[in-house]
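Engineer: Input sequences plus hints: build the corresponding full structure.
2 protein chains.
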Amino acid sequence: MNCIKIGILGLGNVGKGVWNIIEENKNKIDNYLGSNLEIKKILVRDIHKNRGIAIPQEKLTTNPLEIIQDPEIDIIIEVIGGIDTAFEYIKQAFENGKHVVTANKAVIATHGNKLRALAQRYGVELRYEASVGGGIPIINTLTQSLSANKIDELVGIINGTTNYILTQMSDFGMDFDDALKLAQEKGYAEADPTSDIEGEDVAFKLSILIAVAFGIHIEPHEIPREGITKISKKDIEYASQLGYKIKLFATAKKFDNNFEFHVHPTLVPSNHPLASVSNEFNALFIRGNAVGELMLYGKGAGSMPTGSAVMGDILEIGKIIGTNYKSTPLDVVSEKHLNIIGEGISQYYIHTEVIDEPGVLGKIASTFGKYGISLESVVQRGRGNSTVPLVFITHEIERKQLDKALEEIQNNNIINKVASILRVENL
Amino acid sequence: MNCIKIGILGLGNVGKGVWNIIEENKNKIDNYLGSNLEIKKILVRDIHKNRGIAIPQEKLTTNPLEIIQDPEIDIIIEVIGGIDTAFEYIKQAFENGKHVVTANKAVIATHGNKLRALAQRYGVELRYEASVGGGIPIINTLTQSLSANKIDELVGIINGTTNYILTQMSDFGMDFDDALKLAQEKGYAEADPTSDIEGEDVAFKLSILIAVAFGIHIEPHEIPREGITKISKKDIEYASQLGYKIKLFATAKKFDNNFEFHVHPTLVPSNHPLASVSNEFNALFIRGNAVGELMLYGKGAGSMPTGSAVMGDILEIGKIIGTNYKSTPLDVVSEKHLNIIGEGISQYYIHTEVIDEPGVLGKIASTFGKYGISLESVVQRGRGNSTVPLVFITHEIERKQLDKALEEIQNNNIINKVASILRVENL
Chain A
1 MNCIKIGILG LGNVGKGVWN IIEENKNKID NYLGSNLEIK KILVRDIHKN RGIAIPQEKL
61 TTNPLEIIQD PEIDIIIEVI GGIDTAFEYI KQAFENGKHV VTANKAVIAT HGNKLRALAQ
121 RYGVELRYEA SVGGGIPIIN TLTQSLSANK IDELVGIING TTNYILTQMS DFGMDFDDAL
181 KLAQEKGYAE ADPTSDIEGE DVAFKLSILI AVAFGIHIEP HEIPREGITK ISKKDIEYAS
241 QLGYKIKLFA TAKKFDNNFE FHVHPTLVPS NHPLASVSNE FNALFIRGNA VGELMLYGKG
301 AGSMPTGSAV MGDILEIGKI IGTNYKSTPL DVVSEKHLNI IGEGISQYYI HTEVIDEPGV
361 LGKIASTFGK YGISLESVVQ RGRGNSTVPL VFITHEIERK QLDKALEEIQ NNNIINKVAS
421 ILRVENL
Chain B
1 MNCIKIGILG LGNVGKGVWN IIEENKNKID NYLGSNLEIK KILVRDIHKN RGIAIPQEKL
61 TTNPLEIIQD PEIDIIIEVI GGIDTAFEYI KQAFENGKHV VTANKAVIAT HGNKLRALAQ
121 RYGVELRYEA SVGGGIPIIN TLTQSLSANK IDELVGIING TTNYILTQMS DFGMDFDDAL
181 KLAQEKGYAE ADPTSDIEGE DVAFKLSILI AVAFGIHIEP HEIPREGITK ISKKDIEYAS
241 QLGYKIKLFA TAKKFDNNFE FHVHPTLVPS NHPLASVSNE FNALFIRGNA VGELMLYGKG
301 AGSMPTGSAV MGDILEIGKI IGTNYKSTPL DVVSEKHLNI IGEGISQYYI HTEVIDEPGV
361 LGKIASTFGK YGISLESVVQ RGRGNSTVPL VFITHEIERK QLDKALEEIQ NNNIINKVAS
421 ILRVENL
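Line by line, the protein sequences are chains A and B.
When we follow full-length UniProt numbering, the leftmost residue of the first sequence carries the number 1, and every step to the right adds one.
When we follow full-length UniProt numbering, the leftmost residue of the second sequence carries the number 1, and every step to the right adds one.
Derived from the structure by calculation, the hints contain no laboratory data.
Each hint should be verified, as a subset may be incorrect.
Restricting the straight-line Cα-Cα distance to at most 20 Å, the calculated cross-link-like pairs of lysine to any residue (SDA-like) are [to be verified]:
hint	chain 1	residue 1	chain 2	residue 2
1	B	Lys254	A	Glu24
2	A	Lys253	B	Tyr325
3	A	Lys150	B	Ser303
4	A	Lys230	A	Asn324
5	B	Lys59	B	Glu38
Covered stretches of chain B (chain A as the covering partner; in silico rule of three or more C-beta atoms under 8 Å from a C-beta of chain A) [what the hints assert, rightly or not]:
hint	segment
6	27-36
7	138-146
8	270-278
9	283-297
10	311-324
11	328-334
A quick note: this is a predicted structure, and the numbers were derived from the prediction, not measured.
We treat Cβ as the ideally placed atom computed from N, Cα and C, and that holds for glycine.
Structural biologist: The structure is reproduced here in structure tokens:
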């Protein structure tokens, strides 16, 4: 039996998952490949650190070149994270004729185009299934199973931290702050949760999905985004009464000849499959012009699920080694003819606080009408206090129409406060 | 640009879907392949039949050999359905050096082992993503993305007809007969619905899934199965009150060193993602030893979704043509060491009708206790009639324990009637 050797850059959560999977499933993996798969070397910062995992010390090194320049190593797994160093290592790996598998969303979202071009130039493979949605086979589905489809729409719940927080708020009536604290205690949120709760992590992943599904390159910072920090317990309660759940959506879709993409907390009908994606789970809803509606659901993070995706990539590359098979580059799915319009139109949920007196609703509705905004539903909750919540759901409009109308309404002192504005997707 | 030529055996729903997808998405498909994909010939029964689709008449033939023996044709799509003729055609296609893609669950469930061996012998590819779950990438996920996992459990809703009927009964309080009639009117059920409603169709598909995920060959007729014809509106109502939905499940799982598999209407907790799979949609829940829980959801039938899966297979084979790449045969996932035990243990829902008098519940519970059956919940609905419904949910037991206990209870005239016994899966 011949041998396929891999090197791993980084021995955090994902690196350990890869090690454990190869230990546990070695028979199946080697049979699948028809080769003996061996981890030859792992890059770490400190060889002597106790990692709670039995790895022979001679497999560890602090010198990346011992892996990148080792002529025996066929595939390199990059799981150090971050952007600049990871980019350098991957580039050098390509130059040394190595295939690369990475779980690093930041480097693929930021430098994916460059790295894909480099991989092609050096005739090697670059795979990154684990960079979006952990163990869920999102990239493979989009690039292989659905290769004969044109993708019309993607809607994803692709951040476990925020989905865990929103689930706690929804199922147990928790405040955002308490739910965040709980998420941190459970290890679902980091000590500094900013990147997750402000939607930055989701924007990285959406940028990758847009490249893969539409062949369009959008920088993560170009994606309009909003996190979940302004969602209140009240919003979740009103949404529920109206038949919706609130989820942090990453959206990319074609609409006529336009292409829109954004990250927003969004109301989704309670009976839609995406509404039942709870806690730390992730899901991607896909609409293709042949397959119709498809949803992939699973664990979007964690050592073993993410390791599973890395290993799926490794085994696919393992099957290619020694053959003249070539993967299809991404630019074949290019939708470059589309107008890039960012946010697009949407239905909106608006939670306002108004003075409880006759005629208020009439004045608001008239002003909405003046700006071409029609309402799908209006709900007034509670009576008798000086201000009462008044909640609207509009039909599809542009956000700037809504902002203008609300400005006029606020200038006329009809509304005390606009507590929140959220998108509504009746998928 | 070189050319990949395909022949299609059969021009029903799926054949037309394939034709339409190639027409609509030709650019993307040809770019993906780096080749011009052409449908050279299609086998039909009647060349002159009006099919509502603009296919040049010279592409049609009534002679299968014009396709199977055409040296220009690289890949043959078998979508005539049925078992014997389809088997013959596929075999002859292999003998003529053709790769084969099929959407035919019956031939793969019945002769999959033989056909896979033949494909290997002739050095060609056999793909059948479309045979289970229509457009959902189930086979690819199990054989490629999850290739480094050992699969522990599969639970599928893989028949759209029965899921449509159960949804109508659940959401609109319909009787089975009315829901079946509606399904027939909408085209979701055939004039003779037996194969769907009795679970035969599901058994075919489960047999394929077992082969793919566990490397074990189980004939469809060896799979214990029960259809949905005995489910009453009442059962769905009681299940709902207990927090469950009833779905027709195809199950295969490892449990210690045992392997169980069966097709049964089953109560699943209302908040589980499988419970929100409604109407004609299909879903497969997968538990792998690395990836954890995964669910794939989408359209399990229909011309375009099934065509999408066929085309995914075609494009994968198209990429292999002219290379020395070889797919991995299925036997690497073999779990042949497991005890094949069929039904296994389960929690059960039992709906009985009893005489409304004191002491009845005590007698039943004592008899259950005698046979080692403990109860998770008991619900009595209604009072005052001569008989009242009494509904139990047991803890995990073997079915034969339950049958013995119920026999004794019925012999002692404590229960008037056992209206239904259903499995409960708290996944």
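Engineer: Now tell me if each hint is right for this structure.
Structural biologist: Verification of the supplied hints:
Between the alpha carbons of B:Lys254 and A:Glu24 the distance comes to roughly 16 Å, so the proposed pair stays at or under 20 Å and holds. For the proposed pair A:Lys253 and B:Tyr325, the alpha carbon gap of about 35 Å is over 20 Å, so the pair is violated. Annotation: proposed proximity of A:Lys150 to B:Ser303 holds, straight-line Cα distance about 16 Å (limit 20 Å). For the given pair, A:Lys230 sits about 53 Å from A:Asn324 by alpha-carbon distance, which is inconsistent with the 20 Å threshold.
Pair hint B:Lys59 plus B:Glu38 holds up; C-alpha atoms about 11 Å apart against a cutoff of 20 Å. For the segment 27-36 of chain B, the assignment as covered by chain A holds, since 6 residues bring a beta-carbon within under 8 Å of that chain's beta-carbons and 3 suffice. Only when three residues or more bring their CB closer than 8 Å to a CB of chain A does the claim for the segment 138-146 of chain B stand; here the count is 5, and the claim holds. Closer than 8 Å: that is the beta-carbon criterion, and the segment 270-278 of chain B has 7 residues meeting it against chain A, so the requirement of 3 holds.
Proximity of the segment 283-297 of chain B to chain A, defined as three or more residues with a beta carbon under 8 Å from a beta carbon of that chain, is established by the 10 residues found. Residues of the segment 311-324 of chain B lying with their CB closer than 8 Å to a CB of chain A number 9, which satisfies the three-residue condition for coverage. Counting residues of the segment 328-334 of chain B whose beta carbon lies closer than 8 Å to any beta carbon of chain A gives 3, which reaches the threshold of three, so the coverage claim holds.
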